[in-house]
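Trainee: Using the sequences and the accompanying hints, generate a full structural model.
Protein chains: 2
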Amino acid sequence: MNDTRLIDIAAALGISVTTVSKALKGYTDVSAITRARVLEMVTSMNYKPNVNAVNLRTNETKTIGVIIPTMVHHFFSSVLNGILDEAENRGYLVIILQSNEKYELEKKQIALLLQKRVDGILISLSNETDDFTHINEAIKKNTPVVLFDKIAKLVNCSKVVINDRKAAYDAVTYLIEKGYKKIAHFRGSYTPQNSIDRFLGYKKALEDHNIPYDSSLVYLCDHNADFEDGYANAQKLVNDHKDVDAVFAVTDLVAIGIIKHLNEMQIKIPEQIAVFGFSNWFMSTVISPKLTTIDQPGYEIGQRAASILINEIAQIKEHLPVTHQIIELPTQIIERESTLRS
Amino acid sequence: MNDTRLIDIAAALGISVTTVSKALKGYTDVSAITRARVLEMVTSMNYKPNVNAVNLRTNETKTIGVIIPTMVHHFFSSVLNGILDEAENRGYLVIILQSNEKYELEKKQIALLLQKRVDGILISLSNETDDFTHINEAIKKNTPVVLFDKIAKLVNCSKVVINDRKAAYDAVTYLIEKGYKKIAHFRGSYTPQNSIDRFLGYKKALEDHNIPYDSSLVYLCDHNADFEDGYANAQKLVNDHKDVDAVFAVTDLVAIGIIKHLNEMQIKIPEQIAVFGFSNWFMSTVISPKLTTIDQPGYEIGQRAASILINEIAQIKEHLPVTHQIIELPTQIIERESTLRS
DNA sequence: TTTTTTGCCGAAAACGTTTTCGATTTGCCG
DNA sequence: CGGCAAATCGAAAACGTTTTCGGCAAAAAA
Chain R
1 MNDTRLIDIA AALGISVTTV SKALKGYTDV SAITRARVLE MVTSMNYKPN
51 VNAVNLRTNE TKTIGVIIPT MVHHFFSSVL NGILDEAENR GYLVIILQSN
101 EKYELEKKQI ALLLQKRVDG ILISLSNETD DFTHINEAIK KNTPVVLFDK
151 IAKLVNCSKV VINDRKAAYD AVTYLIEKGY KKIAHFRGSY TPQNSIDRFL
201 GYKKALEDHN IPYDSSLVYL CDHNADFEDG YANAQKLVND HKDVDAVFAV
251 TDLVAIGIIK HLNEMQIKIP EQIAVFGFSN WFMSTVISPK LTTIDQPGYE
301 IGQRAASILI NEIAQIKEHL PVTHQIIELP TQIIERESTL RS
Chain Z
1 MNDTRLIDIA AALGISVTTV SKALKGYTDV SAITRARVLE MVTSMNYKPN
51 VNAVNLRTNE TKTIGVIIPT MVHHFFSSVL NGILDEAENR GYLVIILQSN
101 EKYELEKKQI ALLLQKRVDG ILISLSNETD DFTHINEAIK KNTPVVLFDK
151 IAKLVNCSKV VINDRKAAYD AVTYLIEKGY KKIAHFRGSY TPQNSIDRFL
201 GYKKALEDHN IPYDSSLVYL CDHNADFEDG YANAQKLVND HKDVDAVFAV
251 TDLVAIGIIK HLNEMQIKIP EQIAVFGFSN WFMSTVISPK LTTIDQPGYE
301 IGQRAASILI NEIAQIKEHL PVTHQIIELP TQIIERESTL RS
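So the protein lines, in turn, are chains R and Z.
Residue numbers for the first sequence follow the UniProt record's numbering, so the first one is 1 and each next one is one higher.
Residue numbers for the second sequence follow the UniProt record's numbering, so the first one is 1 and each next one is one higher.
Hint data in this document are derived by calculation from the structure and do not stem from the laboratory.
It cannot be assumed that every hint is accurate.
Since the list can't tell identical chains apart, any single copy or any two copies may satisfy a pair.
[To be verified] Keeping only pairs whose Cα atoms sit at most 25 Å apart, straight-line, the calculated DSS-like set for lysine-lysine is: (1) K182 to K141; (2) K268 to K108; (3) K166 to K242; (4) K178 to K22; (5) K141 to K242; (6) K62 to K108; (7) K48 to K141; (8) K178 to K242; (9) K48 to K116; (10) K268 to K290; (11) K102 to K204; (12) K48 to K140; (13) K317 to K166; (14) K178 to K48; (15) K140 to K159; (16) K166 to K153; (17) K116 to K260; (18) K153 to K108; (19) K22 to K116; (20) K181 to K107; (21) K182 to K48; (22) K48 to K317; (23) K236 to K182; (24) K48 to K107; (25) K108 to K25; (26) K182 to K140; (27) K62 to K48; (28) K102 to K48; (29) K203 to K153; (30) K204 to K268.
Mentor: Below is the structure:
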């Protein structure tokens, strides 16, 4: 346990702890020469400040908390990646918690983070969450919160999102312009804003191009919007509607489920039915045919969210007024084989 | 900022901080009645201890650090999941860092964790790492370390692994017993123990079944052992060896790359060439044909590793001798279509 | 009654920093 | 040479706990 303390290097130098501390923190009332001596002794004795003492004294932890619905998901992994990088660059550590899409757990975890006195919180809401008092509680306690991806519009804080509605609109418009006539939609469950917006974008695009909206063409994938959902519903789709020529899926995973079933039924993609995904999960280049999809910049979302949060932390510390910002990151269509008729 | 402190509830009750603290920590020298009053006041005033003060006083942080090569990987996501669950159950928070497979970064991050005074460290080594002084440094400082997955046998600490060699041996033996004669191996790079062991298991299984080892049947996938590796090498394989009837891949991702190429070449799986993966990544059920593979219990690895670490932390705190343990978690063959000849 | 035990409580030190405020010295100018 | 400003330092309080140690009362033993 070679933990050298301020008092140790003070003793070694024959000066006071006060001066040592001040030398390190850039106070002006310490001479250049003693500062140099302190700095040298600090490295030679390998001094590392005791964060617990610092935290107690300064009442901050240089730590931010992150709550995500799930970790085992490529999109959230990317977001986390962005958060971790930005946090490290700015000298912050990151505590990660998973809500497993449960509201109660999410609530508990906010409380845990507040108790641990993290300097700020990044959170993507669980699908269950429809009450936001726990978030507001954190904000009221002067702990800044930044919502990302799955947000709540009502909460008064900064947010980093993509425009799901526009992205979906663009996707469906793309399909229409490619000549597809009867476009089905495999939507996610009813609560998360994401799947609502994507559905609305789908609907709007149809209407704007004079294609009547037909609710029987919308299939609900509420079992996590995963592979099985797409697979099972694809079965129904080909039974119900012989003349569908394209599907816009709420998720790459759903899209891959669709592709798998169509492949098994020997239905040609995109000749008979085109498939459009959402997320640009790297797996979408692995399957056959390669999936056309919407690129969602996960890494950048994480990075921006962390950056904004850390800025707000600094502002609060300086007692400056914080202005919340809503960042909308651009998405783009990644055109691949699954919609590309020759 | 409603942060009530011990002194506040002491004042509210007209007693001393000492007694309040003792009531909360289960000391015997506080009467049942005052203890009850304290407990009541604690909940009514919503008291939460200031962790920084507690940490400073007790010299522990109730936090463990985790370093993994990468987060965007299903296996590590699962491991993290296990770690997070176990940690939360035992009242610990988790700080996660990524080494991005870089030795230098890994070294820096160990230092960072030590500086933050985490109570223990979980780490899966980067591929580059071949020097272990940074790990030993942590151990010397009385911060317990548990290695998992990508370990170093030389480091004197607890480890949680699967038996890669045996798993590979079983896989290849399975192929041989199914009647496959000429079995290629797509191996990972030369440094990580994992891919070495899987290669050795492959070789041993051949020898034990009187099949001569042929080094030209071993293809190196050293570009992250990912999808592209499998795809590219599969191309070489079918050129070089017309008579190969099975491939054992170091990773599901590599296996999927192989499958993709074979599908494109209209080579029937498993009739002409069987494919065997490693990891039981959930994607292996999504592709066609579904991939036979080795199930690697990621979640359990994380859980066990965290559990062992937290036990050791407790032992060190009580000044008990710690006995390091090496846990080998069982793997099993998941038989699916890619090796199942009808 | 006196002595001893038991039960209950509080004063105070300690953990390692940061920061305020006052003290001391030095140089400078008149 | 006196006085003032600037430069440099240190004592001490504070952050909120935990824990040791001793004190004091009431109950039990003598």
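Trainee: With reference to the structure, classify each hint as holding or not holding.
Mentor: To see whether the hints hold, each was checked on the structure:
1. K182 to K141: neither (52 Å within a copy, 67 Å between copies)
2. K268 to K108: This pair counts as neither: shortest intra-copy Cα distance 49 Å, inter-copy 52 Å.
3. K166 to K242: neither (29 Å within a copy, 51 Å between copies)
4. K178 to K22: neither (68 Å within a copy, 74 Å between copies)
5. K141 to K242: Neither. Shortest intra-copy (57 Å) and inter-copy (69 Å) distances fail the 25 Å Cα cut-off.
6. K62 to K108: both (21 Å within a copy, 17 Å between copies)
7. K48 to K141: This pair counts as between: shortest inter-copy Cα distance 13 Å, intra-copy 30 Å.
8. K178 to K242: So K178 and K242 pass the 25 Å test inside one copy only (20 Å; across, 42 Å).
9. K48 to K116: both (22 Å within a copy, 9 Å between copies)
10. K268 to K290: Classified as both; 13 Å inside a copy, 20 Å across copies.
11. K102 to K204: neither (31 Å within a copy, 48 Å between copies)
12. K48 to K140: between (34 Å within a copy, 16 Å between copies)
13. K317 to K166: This pair counts as neither: shortest intra-copy Cα distance 37 Å, inter-copy 56 Å.
14. K178 to K48: neither (62 Å within a copy, 60 Å between copies)
15. K140 to K159: Within one copy, since 17 Å is at most 25 Å while 44 Å is not.
16. K166 to K153: within (17 Å within a copy, 53 Å between copies)
17. K116 to K260: neither (46 Å within a copy, 48 Å between copies)
18. K153 to K108: within (22 Å within a copy, 39 Å between copies)
19. K22 to K116: between (28 Å within a copy, 21 Å between copies)
20. K181 to K107: Answer is neither; intra-copy 45 Å and inter-copy 57 Å both fail.
21. K182 to K48: For K182 and K48, neither the intra-copy (66 Å) nor the inter-copy (59 Å) Cα distance is at most 25 Å.
22. K48 to K317: both (24 Å within a copy, 22 Å between copies)
23. K236 to K182: within (16 Å within a copy, 43 Å between copies)
24. K48 to K107: Between. Shortest inter-copy distance 16 Å satisfies the 25 Å Cα cut-off; intra-copy 35 Å does not.
25. K108 to K25: between (37 Å within a copy, 23 Å between copies)
26. K182 to K140: Neither way: K182 and K140 sit 49 Å apart in one copy and 68 Å across, limit 25 Å.
27. K62 to K48: Cα proximity of K62 and K48: in one copy and across copies (15 Å, 19 Å).
28. K102 to K48: between (40 Å within a copy, 24 Å between copies)
29. K203 to K153: within (21 Å within a copy, 59 Å between copies)
30. K204 to K268: neither (28 Å within a copy, 44 Å between copies)
In this structure, the hints that do not hold are numbers 1, 2, 3, 4, 5, 11, 13, 14, 17, 20, 21, 26 and 30, in rising order.
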